[in-house]
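Since chain U is already given, all that's left is putting chains H, F, V and E on it; use the hints.
Protein chains in written order, with my numbering: chain U, 1 to 258; chain H, 1 to 258; chain F, 1 to 258; chain V, 1 to 258; chain E, 1 to 258.
These are calculated hints, taken from the structure and not from any lab test. These numbers were taken from a predicted model, which means no experiment stands behind them. Honestly, I wouldn't trust all of these hints.
Said to hold, decoys possible - Here are the simulated DSS-like cross-link-like pairs (lysine-lysine), alpha carbons at most 27 angstroms apart as the crow flies:
| hint | chain 1 | residue 1 | chain 2 | residue 2 |
| --- | --- | --- | --- | --- |
| 1 | F | Lys58 | V | Lys98 |
| 2 | F | Lys58 | H | Lys63 |
| 3 | U | Lys176 | E | Lys30 |
| 4 | H | Lys63 | U | Lys78 |
| 5 | H | Lys98 | H | Lys183 |
| 6 | E | Lys98 | V | Lys58 |
| 7 | U | Lys183 | E | Lys197 |
| 8 | U | Lys73 | U | Lys144 |
| 9 | V | Lys30 | E | Lys9 |
| 10 | U | Lys30 | H | Lys9 |
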Amino acid sequence: MDTFLRNGKGILLAYDQGLEHGPSTDFNEKNIDPNYILDMAVKGHFTGVVLQKGIAEKYYAGKVPLIVKLNGKTNLPKGEPISSQVCSVEEAVSLGAKGVGYTIYLGSAHENIMLQEFGEIEEAAHEEGIPAIAWIYPRGESVKNDTAPEIVAYAARAGLEIGADAVKIKYSGDPKSFSWAVKSAGVAKVFMSGGPKAPTDEIFLNQVKGAMDGGATGLAVGRNVWQHPDPLKMATGLQEIIFNGKEVQRALQLVVAQ
Amino acid sequence: MDTFLRNGKGILLAYDQGLEHGPSTDFNEKNIDPNYILDMAVKGHFTGVVLQKGIAEKYYAGKVPLIVKLNGKTNLPKGEPISSQVCSVEEAVSLGAKGVGYTIYLGSAHENIMLQEFGEIEEAAHEEGIPAIAWIYPRGESVKNDTAPEIVAYAARAGLEIGADAVKIKYSGDPKSFSWAVKSAGVAKVFMSGGPKAPTDEIFLNQVKGAMDGGATGLAVGRNVWQHPDPLKMATGLQEIIFNGKEVQRALQLVVAQ
Amino acid sequence: MDTFLRNGKGILLAYDQGLEHGPSTDFNEKNIDPNYILDMAVKGHFTGVVLQKGIAEKYYAGKVPLIVKLNGKTNLPKGEPISSQVCSVEEAVSLGAKGVGYTIYLGSAHENIMLQEFGEIEEAAHEEGIPAIAWIYPRGESVKNDTAPEIVAYAARAGLEIGADAVKIKYSGDPKSFSWAVKSAGVAKVFMSGGPKAPTDEIFLNQVKGAMDGGATGLAVGRNVWQHPDPLKMATGLQEIIFNGKEVQRALQLVVAQ
Amino acid sequence: MDTFLRNGKGILLAYDQGLEHGPSTDFNEKNIDPNYILDMAVKGHFTGVVLQKGIAEKYYAGKVPLIVKLNGKTNLPKGEPISSQVCSVEEAVSLGAKGVGYTIYLGSAHENIMLQEFGEIEEAAHEEGIPAIAWIYPRGESVKNDTAPEIVAYAARAGLEIGADAVKIKYSGDPKSFSWAVKSAGVAKVFMSGGPKAPTDEIFLNQVKGAMDGGATGLAVGRNVWQHPDPLKMATGLQEIIFNGKEVQRALQLVVAQ
Amino acid sequence: MDTFLRNGKGILLAYDQGLEHGPSTDFNEKNIDPNYILDMAVKGHFTGVVLQKGIAEKYYAGKVPLIVKLNGKTNLPKGEPISSQVCSVEEAVSLGAKGVGYTIYLGSAHENIMLQEFGEIEEAAHEEGIPAIAWIYPRGESVKNDTAPEIVAYAARAGLEIGADAVKIKYSGDPKSFSWAVKSAGVAKVFMSGGPKAPTDEIFLNQVKGAMDGGATGLAVGRNVWQHPDPLKMATGLQEIIFNGKEVQRALQLVVAQ
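Bound-form chain U, shown alone:
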């Protein structure tokens, strides 16, 4: 995972929401354009960018290390979630990927299919010499609360067990319970999932600070940056916490700085 880290920490710019949620939910006239986002990834000093293969193939210019998401789904179908592989590891590598990502809906009735696909992807990725990163989201009828500490830790641990080099998991609400998730992940790196735009910057920065205090390696963030009125300042604020270990108030100053 070193490719995606700076002094052992990382901040990944995620931009696969066009497939996962649709452009009308998350996007506006500016951030609908992949070039705008890729430019932001460079100027915002992100340590990695996460794209589906289509955007990688048609827009990626190679300046920030690339993670290609290998599966994806829309938010239209009801029922137990399943997200199938749409890109091979080989294709991802040919598009310039230095890592691959795959989402597992742990607890879904189709969990076994996704665990199996990830198992094959991990093997192929490691043969290619690149990390396999698991987005692990407990979901489905059997999952009542996907940010409960024990379920977040389960996600982290499942990632370690099946060979993920890093896991992207939701924040469990406080540093102490998140540190248990980090401990459960062992040597697998833990990235907090940014999730939907938080009500205020402070709330989001507090979550990130909590995750870092809990031992996270970093953050995979999309909407809380590129839906922000000033994405680069938000990026700066986040990095003040992630890389420099500063407090939320200090980060907040950078975000609102003129």
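Chains H, F, V and E alone, transformed into the frame defined by chain U:
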């Protein structure tokens, strides 16, 4: 997609309705004959023709660039729609295809199967050096209105994300909302889907004009041309809008011209 | 398909009912024996014989061109029909097949599986240089009347679209509607399916005559020949219609001749 | 099948009940031991022995020709029966198999999966030059009576059609109806399935005699031999009927002889 | 299996509960760390250690022979259990495995899928020259009591039949019934499954003693060792029973010794 464009715009003649809807619904004694349609494609100056492999193999004469549709279904089965691959990219190429098409019923309970098949097709097509074109039709119980602006834009964006070089989507009802779909598709070319025969020529030409004003690359049209009393005049009218950017009234004059 | 035609017409002797319906329903002490049928195929001047691989391997002697049926099912399971491939194109060729057959239950909830298997078979068959023949039987809950003209025509057209060189379809009840099915099949040859033993010879001969008048290439017949008291005379009568274009009364004279 | 026949007749010792029914139902302290059974196969002059791959690999000593059963299931799951392949033809051959067996639950909702697997097995077996033997047991909700003459004959015929060199079917109750099943199987050899331990030796010997009179090639027997108080005498009695065509009373004398 | 035995007996340290049950259920701050467990495996003189591939890849140091579990699931999904393969035999070998493990939920509606996967794994493992070990747990709606003697014996026998070199099964409650399971497993080695932490040490040691008296080869144990206040003493106590055949009271003295 340049093979299928003239000055950056395109008009594709689609003729796979025999499988999708059956011959009795859409066809008459003349247009049931593939030779009649292929002749129309040449004389009507279409920039591409879309066929299933059987008709491609037995009728295609090479004059208009060929897109082979790689999947298909009948309209008989009820339940969540699924259309499976019936032709490989390799076979399509051997039949003279310069592009391949595949339908994804976004939102279907079987969406993941079609996304996965398209993913493999995209990879194979790009290895062959030809474009992969996605017919993206949101459909199934979870889709209430398949021409709602946000759902049309979702279709367009999903196409870009999964690697389509062009998407064929329905018209969203007005140029403004369609332009959002086009923007969502990014560098993937957007073709408006002609759909069933419109009540009047004017209505249909207005849709096409709206799509072009919204930024579409062109039109994939079947029934509104070959069910027309004078298909070649209709083709001329459409091209006046698509290639020359003319108004609907001007196009309408060409359609009804003696 | 020329291998199976004489002056452009053909009569195929079908003998796969042992798997499809069981020996007790359709067979008697004589016609249960494949040698009896293969002898009949030779003496009756059939232009082809249709067998499952087991009978082909153990009985076929090479005198009449062979079509191996590649899929099959029993009539025992309830629910939406599905018939899976039990023989590869390669194995069929090794058994002496000059053509392969495959049944598609159009409209079944499993339609997509069969369309996909046929697609692969068509590709393999054409690589081997032999025709792929589709038995297309609309069936399942969504099909109310499988001999309705529009459904028979749909079957014929679907065959053409997916690459069948010939289709075997049911008779639609009259020459006019059958001619629409034939037209829908384009250059794909149309064989009328004989179906279960008709109440009288005249009724069956009238159906065959109607199909031929509608433009059929010929007949694929089993039970109406080998359940007949005098199969060879029935074969002679049928051929009088199929190859010589004679009227039903003339054919009937041959069937009942001493 | 000659490997498994003596003067054209055969008696196979079947010992796969440990997987199919569990050890507690069918076995005792002696016959739970595969060595005991394999010793019995030698001393009892069986013409073949039927084992799952695990027992073949760990116990089989090569003295009696081996058939490896390639699929199997437990009797625990409810619902429509399915038995999937657990051993490849290649593995079976490497374990010394001179033939392979596979069970098809004809009439099950999963019939098509088993027919398809058997189709591939038959092809692989014939490439290896060994026979493919089908255990054909009509079963599932659609099968009311699995020993009804017409259903037993259907099983036999289905085996012939899909390429089985021999079929193992249940006894239909009388020689006349069983002879129809044998006739339906054509050149495929018919082995009567021994089934569970019969109430008396005479009843079982009568069934075997009936099957042989009906034209069976022989018997595949397990529990009626190795659950017998004196398995070798039972084997002798059975062979008196099978190979020497003797009456039940004569066989019975051998079974009860001191 | 000799690699995992000492004088014909074995004690395997199982540590795949992080995937099967989640870290919050079974783990504490110490045993959440794979290094702690691997250290315990060395110091506790275990004859083998069982890991999922992720932990094997990132922590395994080669001192105790390794078994990689090839499938796994979480305890989140409801419904009939299925655990799919997430690691190939080849990958396991590349991680240093000297044996592979796979769980089969016998009696599940998905039993056939797991039997089939195990069948392929067994073949691949034996080609690699390493043992295939089956965790056989009867489970699902059709299984009322998974420690009933007849169901435990069924599990053992199923393992032998499908080619397992060793089976891991639950304790059936008493030595006599367990000896029947051992006998049913034939030459396949039988390891008692440790299961969840027993209420008292004595209860657990009694189970182990009972299994050994019943003829078990040894024990696969996780939580009853690494959730124990003094894991190494517990390991010593267990080995006194397993390797030295001592009584429970003697073992208990070692466990509580200062």
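Going down the list of hints, with the structure as the test:
1. F:Lys58 / V:Lys98: Given pair F:Lys58, V:Lys98 holds - Cα atoms ~20 angstroms apart, limit 27 angstroms.
2. F:Lys58 / H:Lys63: violated, 49 angstroms
3. U:Lys176 / E:Lys30: Given that 27 angstroms is the threshold and the Cα spacing comes to 16 angstroms, the pair holds.
4. H:Lys63 / U:Lys78: Outside the cut-off at roughly 45 angstroms; violated.
5. H:Lys98 / H:Lys183: Judged against 27 angstroms, a Cα distance of about 26 angstroms means the pair holds.
6. E:Lys98 / V:Lys58: holds, 20 angstroms
7. U:Lys183 / E:Lys197: Within the cut-off at roughly 22 angstroms; holds.
8. U:Lys73 / U:Lys144: The given pair, whose Cα atoms are some 21 angstroms apart, holds under the 27 angstroms limit.
9. V:Lys30 / E:Lys9: Satisfied, since the Cα-Cα distance of roughly 25 angstroms is no more than 27 angstroms.
10. U:Lys30 / H:Lys9: This hinted pair holds, its Cα atoms lying about 25 angstroms apart.
Violated hints, in rising order: 2, 4; the structure is consistent with all others.
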